[in-house]
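Residue strings, one per chain:
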Amino acid sequence: MRIKLVSIFVDDQDKALKFYTEVLGFRKKQDMPAGPARWITVVSAEGPDDLELVLEPNGHPAAKAYQSALLKDCIPCTAFESTALHDEVQRLKQKGVVFTMEPTVAGEVTIAIFSDTCGNLIQLYQRNS
Amino acid sequence: MSDVPTGHKHPGDSVHVQSPPVNPMKDSMGDKVHPNAWAKRRAILKLSRGREVLAEVGSRNISVRDAAREAGLSPFHFIRRFEAVFGETPHQFRTRERLAAAQRLLARGRSVTDVCLDVGFSSLGSFSALFTRKIGISPAAYRRSLRCSVYVPDWIPHPPSCLLWMGGTDAIAIFKKTLPRP
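First to last, the protein sequences are chains A and B.
For the first sequence, the positions run 12 to 140 when the working numbering is used.
For the second sequence, the positions run 13 to 194 when the working numbering is used.
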């Protein structure tokens, strides 16, 4: 077996799709109706093309509670890797993205944390060579 | 895998220690000290508090001003920071939460008038108009469309990911068969 789909809860799928594509720069892979919600996935332009991030609605009360609790403790719910962290951070800041942690050296990696505007914090990291 | 910093969810994780860091943090230039790292955490906490108050959908009409007070920020700063972090204004967030709550209540069969008051609107006309604009159909039509077909518990169920992945759009039909009848 292999990892193909990873999901992240979002408070509003329209807002999420806009942020993950227009701001972060991912590419929309799937978007189809699923009951009252939609089945939306995005992939990174930097690859791999078949590892999809699912923008999952947080309609279930437990999903909201989970998001809210992590956010309050400033804990990112997932991490994305970059090969040019500082450039990426500058690019995102120019688009108005709010960082809760500036690029910070943490052992073998440099990390930064930002708000995805959908109720999550996301960690961005780069391996220190 | 051990050196990949994904999923920092453990309380003991060095990145998320509960006490202030001993070493000063450095910024993107690598040499400037960041004494505001903890201020940023507090800011998120304040905004989260205000957001939770706004999400309490009920007959109690929480104003944005009340939420700002709860967050310990001036209304001006609250609105500005909220929008930067959550991608919508407090007012837009509250409206979205109210309409989502209205959808849940309507799906359970409550009357449009009751739902309107339950989620904090005082005018049936403005509630119906807003609902229709945002959701695409009127509250009454929404209630009719869902009530007969599916039983709705606390949230509106949607087909699970695995089913959608395997079955594509057919999954929705398969999923509907699995729902309990009212």
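Calculated directly from the structure, the hints in this document are not laboratory data.
Keep in mind it's a predicted model, so treat the numbers as computed, not measured.
We put the beta carbon where it would ideally sit given N, CA and C, even for glycine.
Hints should not be assumed to be uniformly reliable.
Below, a sample of chain A positions facing chain B; criterion: calculated Cβ distance under 10 Å [claimed, not checked]:
1. D22
2. F30
3. G36
4. R38
5. P47
6. V54
7. A56
8. D60
9. D61
10. L82
11. C85
12. V108
13. T111
14. M112
15. C129
What the simulated footprint calls covered on chain B by chain A, stretch by stretch (three residues with Cβ under 8 Å from a Cβ of chain A suffice, anywhere in the stretch; the number is not a length) [said to hold, decoys possible]:
16. 107-118
17. 126-135
With a cut-off of at most 30 Å between alpha-carbon atoms, the simulated DSBU-like pairs for lysine-lysine come out as follows [what the hints assert, rightly or not]:
18. A/K83 / A/K26
19. B/K189 / A/K40
20. B/K189 / A/K106
21. B/K58 / A/K39
22. A/K104 / B/K52
23. A/K26 / B/K58
How the hints compare with the structure:
Against a cut-off of 10 Å between C-beta atoms, the interface hint on A/D22 holds, since the closest Cβ of chain B lies about 8 Å away. Contact between A/F30 and chain B, as hinted, is supported at the beta carbon level, the nearest pair being about 6 Å apart and thus within 10 Å. For A/G36, the interface hint is violated, since its Cβ never comes within 10 Å of a Cβ in chain B; the closest pair sits about 16 Å apart. Using the Cβ-Cβ criterion of 10 Å, the hint placing A/R38 at the interface with chain B is not satisfied: the shortest such distance is roughly 19 Å.
A least Cβ separation of about 5 Å between A/P47 and chain B falls short of the 10 Å threshold, and the interface hint therefore holds. The interface hint given for A/V54 is violated, since its Cβ lies 15 Å from the closest Cβ of chain B, which is over the 10 Å cut-off. Hint status for A/A56 relative to chain B: violated, with the closest Cβ pair at about 20 Å, above 10 Å. Interface hint status for A/D60: violated, as the beta-carbon distance to the closest one in chain B is roughly 16 Å, over 10 Å.
A hinted interface residue such as A/D61 counts as satisfied when its beta carbon comes closer than 10 Å to some beta carbon of chain B; here the least separation is about 12 Å, so the hint is violated. Taken as an interface hint, A/L82 checks out: its beta carbon lies about 5 Å from the nearest beta carbon of chain B, inside 10 Å. The criterion of a C-beta within 10 Å of any C-beta in chain B is met by A/C85, whose closest approach is roughly 5 Å, and the hint holds. Because the beta carbon of A/V108 sits about 8 Å from the nearest beta carbon in chain B, less than 10 Å, this interface hint is met.
Among the interface hints, the one on A/T111 holds; its C-beta lies about 5 Å from the nearest C-beta in chain B, closer than the 10 Å criterion. With a least beta-carbon distance of about 7 Å to chain B, the hint placing A/M112 at the interface is held under the 10 Å criterion. Taking 10 Å as the C-beta contact cut-off toward chain B, the hint placing A/C129 at the interface holds, the least distance being around 7 Å. Judged by the Cβ-Cβ criterion of 8 Å, the segment 107-118 of chain B is covered by chain A as claimed, because 3 of its residues qualify and three suffice.
Here the segment 126-135 of chain B counts 0 residues with a CB under 8 Å from a CB of chain A, which misses the bar of 3, and the coverage is violated. A threshold of 30 Å between alpha carbons decides the hint, and for A/K83 with A/K26 the separation of about 21 Å falls inside it, so the pair holds. For the proposed pair B/K189 and A/K40, the alpha carbon gap of about 28 Å is at most 30 Å, so the pair holds. Annotation: proposed proximity of B/K189 to A/K106 is violated, straight-line Cα distance about 45 Å (limit 30 Å).
A hinted pair counts as satisfied when its Cα atoms are at most 30 Å apart, and B/K58 with A/K39 does not qualify at roughly 33 Å. For the suggested pair A/K104 and B/K52, the alpha carbons sit about 15 Å apart, so the restraint of at most 30 Å is met. Only pairs whose Cα atoms come within 30 Å are accepted, and A/K26 paired with B/K58 is accepted, the gap being roughly 22 Å.
When the structure is compared with the earlier hints, violations turn up for hints 3, 4, 6, 7, 8, 9, 17, 20, 21 and for no others.
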